[in-house]
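Trainee: Could you build the full structure based on these sequences and the hints that come with them?
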Amino acid sequence: MTSPILETRDLTVRFGGHVAVDSVTCAFQPGELTAIVGPNGAGKTTYFNLISGQIPASAGRVLLKGQDISGKSVSQRTRAGIGRAFQLTNLFPNLTVLENVRLVVQAQSGKGFNMFSTAASHAEMTEAAEAILMRVKLLESRAQVVSELSHGNQRKLEVALLIALDPAVYMFDEPTAGMSVDEAPVVLDLIAELKEHTHRTVLLVEHKMDVIARLADRIIVLHNGALAADGPPQQVIASDVVQEAYMGRGLEGILEDV
Amino acid sequence: MIKLLLSGDTPRSTVLAVILGVILVCLALAPFLFPGVRTVDTAARICVFIVLVASYDLLLGYGGIVSFAHTMFFGIGAYGVALASTHMGRGFDAVFVGALAGTGVAAALALLIGLFSLRVRAIFFAMITLAVASAVAVLVSQLSGLTGGEDGLTFQTPRALGPAFKFGDELFGVKLNGKLLAYYFVFFGALILFLLLLRIVNSPFGRVLQAIRENDFRAEAIGYRVVYYRVAATCLSAGAAALAGALYAVWLRYVGPDTTLSMELMIDILLMVVIGGMGTMYGAVIGATLFVVAQNYLQNLMGAASGLVTDVPILPELLSADRWLLWLGVLFILSVYFFPTGVVGRLRQGRQA
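For the protein sequence lines, the chains are Z and W, in the order given.
Be aware that the first sequence starts at 1, since it is given in our numbering, and climbs by one per residue.
Be aware that the second sequence starts at 259, since it is given in our numbering, and climbs by one per residue.
It should be emphasised that the hints constitute simulated quantities derived from the structure, not laboratory data.
Idealized CB from N, CA, C, for every residue including glycine.
Certain hints may be false.
Unchecked claim - Okay, the calculated bits of chain Z under chain W, using three or more residues with CB under 8 Å as the criterion:
hint, stretch
1, 62-75
2, 78-86
3, 104-117
4, 197-205
Mentor: In structure tokens:
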């Protein structure tokens with residue numbers, strides 16, 4: 001077994017007296033796609049926030065490629081290789097679609113402090129951004145202002161920003177939430193592609209069982225902030241622990257609930 | 259070529275392009291088109307305010323940062339030139355040393371304020387700038403030995419920029435003297451600074467600022483250190499404001515707290531940015547021109563209007579030249595109501611519709 005790319009050790013956060021994430025220890029292997037499931041309020045998104053740094057942990061550590069990144073800022077973690085797409089669409093609403101993606105490409109080129117050339121003169125950045133828009137099938141909307149896009153296209157752009165970032169660890173928080181039946185496959189195919197062709201490590205918060213069954217190598221279950229189960233999909237879904245933890249309703253029942 | 263000068267950021271509206279062209283031509287040929295001490299003075303003020311307002315737009319319209327210290331930076335540049343000219347004697351060397359020193363001090367002060375307050379919430383930065391600006395204004399009026407206090411400083415600019423300097427007879431009936439050169443010094447200085455600011459907002463750096471204004475949370479999550487960009491924008495904007503102040507000092511040959519440091523001036527700048535259109539740069543041109551012209555000529559216009567309606571009751575009272583501030587206020591309320599995105603925003607929308 002190779003050394004894990006991402007690890008959380010006793011990762012904990014408390015909000016007042018409430019423990020939202022309770023001492024979660026978990027390691028993620030390179031190239032593995034892990035689905036994180038659990039009922040609403042189980043701490044899935046909070047767990048994500050702790051890993052990507054939006055919320056500082058009360059205790060415990062986050063390690064990326066063996067390095068402790070617990071004390072680093074969000075932008076430092078991003079540059080170190082943790083990329084995040086958000087559950088609620090989180091874009092630059094009054095800029096164009098192309099500009100949104102180009103900003104990510106530019107962030108990686110380190111040209112952010114270049115003040116005396118025009119942004120448009122960097123053709124290589126524009127081309128890189130367009131190539132990504134082509135992959136998410138948004139190229140024809142490139143000149144549109146983001147706030148005018150449909151919800152589904154905004155979700156696609158959210159994923160496009162993450163692909164442009166091309167981090168070592170991809171974190172998707174319900175990437176297909178609110179997408180139509182026609183649109184969701186585009187995003188799911190992209191995630192499958194990341195896993196199969198480029199062997200990226202993916203963390204995926206998802207409620208839809210069919211999506212999990214299709215993509216996941218492994219499922220971890222969070223319940224009241226704690227790690228309740230961890231293993232291959234079939235095993236976790238069938239496990240007694242999970243069945244009991246959810247009062248005999250089974251994982252499927254819980255997932256349908258939310 | 260023009261596209262390169264404008265950094266690819268064209269007006270994107272025919273009406274706007276025409277208006278901007280007219281303003282440019284009028285300012286470029288002001289001494290010949292509108293000969294007269296007062297008109298040329300108005301034109302020079304417009305040039306200076308375009309730069310001042312554009313530099314504020316960089317901060318507010320692009321960076322989304324509210325500052326109340328912009329006149330302070332403007333004043334630092336102006337006082338830099340005044341102090342250098344007073345102590346070094348008249349000459350271009352004094353102007354350049356003063357302008358550079360003023361710009362340096364302004365940028366350093368901006369860096370300090372930024373590093374202290376931009377890490378936390380944006381509102382905190384606004385409060386700090388208000389406090390520092392008030393403190394500096396008090397300091398300038400108290401340190402009368404150095405700054406001339408409330409009276410300000412009158413000083414001499416280079417001989418070549420004074421009315422006594424003649425380099426020819428007349429051209430199209432305009433005396434070729436140092437005052438004409440001083441106007442063109444201000445005009446070209448302002449033009450270069452404006453084009454430079456336009457380049458900065460259209461650079462990769464400018465895009466990051468826009469991204470931060472739109473969504474600082476996500477800007478951080480795609481790897482930009484937001485606080486560094488905000489601080490850099492604050493310093494740049496302060497430096498540009500100080501250079502505008504230096505131009506103003508060269509033109510007026512006088513600096514005082516009222517002309518360069520007052521809170522009223524700060525509010526004027528805010529109004530000019532909002533009227534012209536935030537985050538457009540060209541809005542600064544439109545806003546500054548409209549505002550300075552209204553400030554200088556509304557009174558005359560109303561005096562004339564009042565004279566026309568002397569027989570009608572009440573109207574002459576309302577239109578009396580003394581009420582000009584009231585009407586200026588009404589004009590602003592109307593413009594903000596009808597053009598919430600500023601004149602430039604409105605014109606650009608019109609094209610898309």
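Trainee: Look at each hint and say if it fits the structure.
Mentor: Against the structure, the hints:
Check result for the stretch 62-75 of chain Z against chain W: holds, 3 residues qualifying (beta carbon to beta carbon below 8 Å, three or more required). Requiring three or more residues with a Cβ within less than 8 Å of a Cβ of chain W, the coverage given for the stretch 78-86 of chain Z holds, as 4 such residues are present. Look at the stretch 104-117 of chain Z against chain W: 11 of its residues bring a Cβ nearer than 8 Å to a Cβ of that chain, three or more, so the hint holds. Coverage of the stretch 197-205 of chain Z by chain W is violated. Counting CB-CB distances below 8 Å, 0 residues qualify, and the rule asks for three or more.
Hint compliance for this structure: hint 4 alone is broken.
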